[in-house]
Amino acid sequence: MSDRPSLHVEPGKVVLSGAWTLAEMLPRLAELQAGLAAATDGNRQWDLSALTRLDSAAAVLLWRAWQATWPVSLEIGDMHRRIVERVAELPQEMPPPPVARVHLPEFIGRYLLKAAANLRGMIALFGQLILDTFFLLRHPRDIPWREFTANVYKAGALALPVTALVGFLIGVTISYLSALQLKSFGADLFIVNILGISIIRELGPVLVAVLVAGRSGSAMTAQIGVMRVTEEIDALSTMGISRSIRVVLPKIVGLTVAMPLLVLWTSAVAMFGGMLAALLQLDLSLVYFLENLPRVVPVSNLYIGLGKGFVFGFVIALVACYFGLHVKPNTESLSANTTSAVVTAITTVILVDAIFAVFTRQVGVPHL
Amino acid sequence: MSRQTVIELDGVCTRFGGNTVHRDLDLCVKEGQIVGLLGGSGSGKTTLLREILGLHRPDAGVVRLFGVDLNDPDIRVQRDIRRRLGMLFQHGALFSALSVYDNIAFPLRELRCLDEDWIRRLVHLKLAMVGLGVAHGKLMPAELSGGMVKRVALARALALEPELLLLDEPTAGLDPDRSQNFVELIGELQRELGLTVVMVTHDLNTLAGLASHVAILADHRIIAYGTRSEIMTIDHPFVTGFFGADRRKLL
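Keeping their order, the protein sequence lines are chains V and D.
When we follow this note's numbering, the leftmost residue of the first sequence carries the number 1, and every step to the right adds one.
When we follow this note's numbering, the leftmost residue of the second sequence carries the number 1, and every step to the right adds one.
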């Protein structure tokens with residue numbers, strides 16, 4: 001190829017020829033740069049008339065080699081001269097891109113302010129929901145039944161298999177590990193107490209909450225977020241349809257209704273797993289297990305578990321919708337908000353669970 | 001001086017399901033031409049553009065850019081071909097997570113050969129070319145107006161010094177004044193850089209202001225291809241319907 005960029009140093013002047021374009025220069029860039037650097041020393045006469053092409057990348061390269069001044073004598077075609085002129089017109093001192101410095105107090109302060117703003121926003125969303133509920137009570141014809149049932153189906157019915165699988169395995173694991181310990185104390189029969197209290201009261205709700213936050217919570221944030229990116233939310237508003245009644249409320253009510261049911265289901269499957277493991281490990285018959293369960297685990301534990309499911313479902317959906325509504329129209333914001341939604345939902349669930357534990361410490365624990 | 005063939009489509013057929021989009025379509029674009037691609041809605045203009053870009057593989061036929069088959073199995077050949085073309089997408093397709101500066105610097109950085117100072121100069125040069133200042137480099141794509149998005153997208157398309165520039169509706173969504181500016185900008189850059197340009201457009205003013213040649217896509221193929229004045233003489237229902245009374249405007 002005769003079009004390759006090349007550079008000759010003749011006595012008294014430097015001759016460039018060929019096509020000096022980015023694509024042609026790339027394969028031999030180091031060689032050309034070294035050649036230019038060597039040629040610049042002492043040579044102030046340049047002959048560029050034999051160039052077939054010159055693009056701005058090459059012009060920048062030349063201009064840098066010339067150390068930002070025109071050579072003493074320069075032979076160059078008019079077209080190519082204009083390209084170099086464009087480069088020469090740029091300000092010499094390029095401002096380096098600003099590097100954001102992070103100070104620790106500033107970082108923490110900003111983080112706290114953001115957390116406070118999020119909390120405030122969620123309270124505002126909660127208030128909006130209450131207003132919407134009053135509005136719907138006065139106008140029952142506007143209740144979005146279809147969206148509500150769709151959300152119960154999506155967040156509830158479709159989550160049955162995965163929660164069952166995880167619940168079953170957790171039940172088996174806890175039962176197996178507890179059985180090993182209890183056996184050494186000769187307290188085999190207490191496996192019913194341990195499984196009953198821990199799964200129904202604590203593990204079932206928290207386990208489902210973590211699964212649902214990852215599964216349905218992230219889906220809600222992403223869906224509302226994309227609806228914001230594509231301006232679908234705005235389209236709804238222009239049709240006079242309230243976004244909170246049609247989009248947010250059905251999601252929150254749907255998950256709040258579906259969660260206790262999921263908790264019941266998962267706890268049941270986990271208990272079943274635990275019973276199976278106890279049967280294999282301790283020879284404890286299923287009938288004995290079921291007969292003793294109501295005796296050693298007061299029914300209030302079940303109510304606490306279901307109540308937790310109810311609150312957790314509400315919290316997860318509220319957090320997910322809040323972050324979804326705060327997605328800005330770019331991909332980065334969508335991913336950041338989805339992450340925040342899941343992390344915040346799980347953290348809040350654990351927090352609420354601790355509050356539950358404190359306030360219900362007198363309830364449902366059998367005193368032997 | 002015989003001009004090099006930049007784009008060559010040979011017997012291209014495209015079907016989506018049972019729906020035929022292109023049948024035996026031929027097109028040959030020479031270096032330095034500005035081709036306006038016209039066609040009714042749904043006639044497959046954007047699909048044709050995607051096939052030229054290699055984003056969509058035709059069911060039959062060959063697409064050659066700079067004499068190289070786009071289906072060349074060598075990944076390096078494919079990559080080098082793509083570095084010789086720039087595409088301006090209809091809605092800009094700017095990377096929304098990156099600032100304007102980083103959007104333009106991105107293809108340059110991907111070459112992994114240029115140092116930061118060189119990249120910085122090139123980015124500022126491209127920004128100046130499309131009439132934007134250094135300060136605009138810090139903005140995020142979400143903060144730009146429609147016209148600025150197009151300008152930044154054009155700057156990004158020009159970043160790798162392409163020889164072929166493809167434009168999908170370059171002036172759609174701009175007001176007449178801005179769109180006139182944008183047309184002048186592209187025309188100026190084309191003359192200066194010696195680009196070959198293929199554009200899809202519905203706008204007669206854009207076409208009249210920019211195109212040296214016109215290709216008309218109808219009945220699943222290019223029914224006419226020639227200079228603007230040649231196209232005017234063609235008697236085809238689409239041509240008469242499209243230009244209507246405005247025929248003279250194009251001349």
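There may be inaccurate statements among the hints.
Each computed SDA-like pair below joins lysine to any residue, with the alpha-carbon atoms no more than 20 Å apart [as the list claims (entries may be wrong)]:
hint: 1; chain 1: V; residue 1: LYS328; chain 2: D; residue 2: GLY146
hint: 2; chain 1: D; residue 1: LYS138; chain 2: D; residue 2: ILE119
hint: 3; chain 1: V; residue 1: LYS328; chain 2: D; residue 2: PHE95
hint: 4; chain 1: D; residue 1: LYS30; chain 2: V; residue 2: ASP3
hint: 5; chain 1: D; residue 1: LYS138; chain 2: V; residue 2: ARG101
hint: 6; chain 1: V; residue 1: LYS183; chain 2: V; residue 2: GLU231
hint: 7; chain 1: V; residue 1: LYS328; chain 2: D; residue 2: SER99
hint: 8; chain 1: V; residue 1: LYS328; chain 2: V; residue 2: GLU231
hint: 9; chain 1: D; residue 1: LYS30; chain 2: V; residue 2: THR52
hint: 10; chain 1: D; residue 1: LYS30; chain 2: D; residue 2: SER99
hint: 11; chain 1: D; residue 1: LYS138; chain 2: V; residue 2: GLU332
hint: 12; chain 1: D; residue 1: LYS30; chain 2: D; residue 2: SER43
hint: 13; chain 1: V; residue 1: LYS328; chain 2: D; residue 2: ILE119
hint: 14; chain 1: D; residue 1: LYS138; chain 2: V; residue 2: GLU231
Think of the hints as simulated: they come from the structure by calculation, not from any bench.
What you are looking at is a predicted structure, and each value in this text was computed from that prediction instead of being measured.
- Find the hints from earlier in the document that the structure breaks and name them by number, from lowest to highest. Numbers 6, 10, 12, 13, 14 - these are the hints that the structure violates, sorted from lowest upward.
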